[in-house]
Amino acid sequence: MEGLNYVGAGLIVIGAGIGIGRIGGSAMDAIARQPEATGKIQTAMLIAAALIEGIGFAALFAA
Amino acid sequence: MRRNFLMKKITLLLFLVSFVSVAQHDESSVAEATSKDKGIKEQVKEFIDHHLQDSYSFDFFSITNDAGEITHYSLPLPVILWDNGLKVFSSSKFHHGETVAEVSGNYYTLYHSKIYKTDASGTIHYDAAHHPTNIKPLDFSFTKAISFVFLVALLMFFMFRKMAKNYEKNALPKGMGRLLEPIILYIRDDIAIPNIGKKHYKRYMSYLLTIFFFVWIINLLGLTPLGVNVTNNIAITFSLAIMTYLITTFTGNKSYWKHIFWMPGVPALMKIILAPIELLGTFIKPFALMIRLYANITAGHIVLMSIIGMMFVFHNWIGSSLSFVLAFILSLLELLVAALQAYIFTMLSSLYFGAAVEEHDEH
Amino acid sequence: MDKLINDFSFGTFFWMSVLFIGLVFLLKKFAWKPILDAVNDREEGILNALASAEDAKKEMQNLTADNANLLKEARAERDAMMKEAREIKEAMISEAKDEAKEQAAKMIENAVTAIDQEKQAALAHLKKEVAELSIGIAEAVVKKELSSQDEQIKLVEGMLKDVTLN
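Chains as they are written, first to last, in this note's numbering: chain X, 1 to 63; chain D, 1 to 363; chain A, 1 to 166.
Excised from the complex, chain X in its bound form:
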């Protein structure tokens, strides 16, 4: 089947998008709960988001 790899990449990008969205949302909740820990939460959020993003890009380039 021609082009199925693009579909797979699309699925992975959707998954990564949902994942990053959830991380962002949870980080917002956490910041709202503990505004004094904003810096640490942001750092952890960015790292986690960056890791998922990496998977997304890997999929894009594999396709």
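There could be a bad hint or two in this list.
[What the hints assert, rightly or not] When the alpha-carbon atoms are kept at most 35 Å apart in a straight line, the in silico DSBU-like pairs for lysine-lysine are as follows:
1. A/K57 - D/K199
2. A/K28 - D/K258
3. D/K254 - X/K40
4. A/K57 - D/K174
5. D/K199 - D/K162
6. A/K29 - D/K202
Think of the hints as simulated: they come from the structure by calculation, not from any bench.
Following the hints, position chains D and A against chain X.
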């Protein structure tokens, strides 16, 4: 149409033209006369493809006149090849890929922004998958990306040297230093110290600061209409990532290696399974760094340029102005991405360095 | 992935690494080290200045307390001195009064003695005068007696009437 598209760049490029003593070679050709026949969509696509590629000359702009003749305004850069001996010649010999360069009996042709060794007439042989089978000589050319890296390095050196000199006389920063000092302090206090620890962070500060400012400045300049983008070149990001990898590897302490090859606190069988995974992890981390920077900047440029191109594809007021607004908003987003990618690269590098020098308590 | 490998140019990688490593070392020597040192020095300076300001404040507080103590002591000393002075004054006054009284008494006594002496002297003088007068009278009487006995008696009697013994 193409003329308008390219002319946009002219105004912002004028200052550059003024100091590089333009080596403009007016050279008209009818080779691309067919480009008139191509649709605007193909032209945009071709332009984006060309933009994403490294090139052997600093193109400022090119003008197609009504007769279909193209005049290129560009600064040729040196081409350095290793092909049974060093071959150095100016990229102007290629005439933008339109002629074959002849150097001491060898002929080289530019095909899809790559140099191939050919015969005198510049024939390219293809295999079944339409890939050229000609010999590719080892290419050490001082390409556009590299010349830009060089310029940015010079700029950074003079900028920070000036800032450092100021501290000899004054205790407080002046001029650019007022902007740069908080950033330097941020990198030290919020990136290096929390991730690496107070004891070891000083060893890595030079690298972290250099990489942050380098990536940031080069990303920002990539957004200017200079038409250079350096961090979307895989070789550049590979170079940056491999440096992070090498520093991590060579500064790693005993505990770091122990955690990779013989993870303490897990059963022996797990240790054997974990070791290759952990080892693979050490390669994946810099690989992700490389891909992340490359992909973010490439994707940003493709999307931005496609939307700018859409202004010319839409032949009506509504579509074009919508694309313009979208392009404007995306440019702002790209400004953020430029800084964010520099930050993430620095952040993750310091995280890896931190893991390499961390002193674990026995657990 | 093919595109990535195809795009990879060893020359670009080589130059980039050379330039970047050069940049790191140049900046380290000529920029980051002086900048970070300067910033560190300044931060330490600020911390030291804050600490010394705190010290100065404490010293000031100590000084103020010392001052208050000194003031209190001085006031007490002054009070003591005042009290002493008042006592001395009173003592002096009473002494002066006593002395004056004594002096006055002495003077009065002296005066009385002098008056007595004068009186005695006056009396002695008077007695002497009286005796002389008596002798004079006696002479006169004696002279008169020569003439008449009667008259003599009359005279003596008359004189004796006059002279009453004091």
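**Prompt:** Against the structure shown, which of the earlier numbered hints fail to hold, in ascending order?
**Reply:** none
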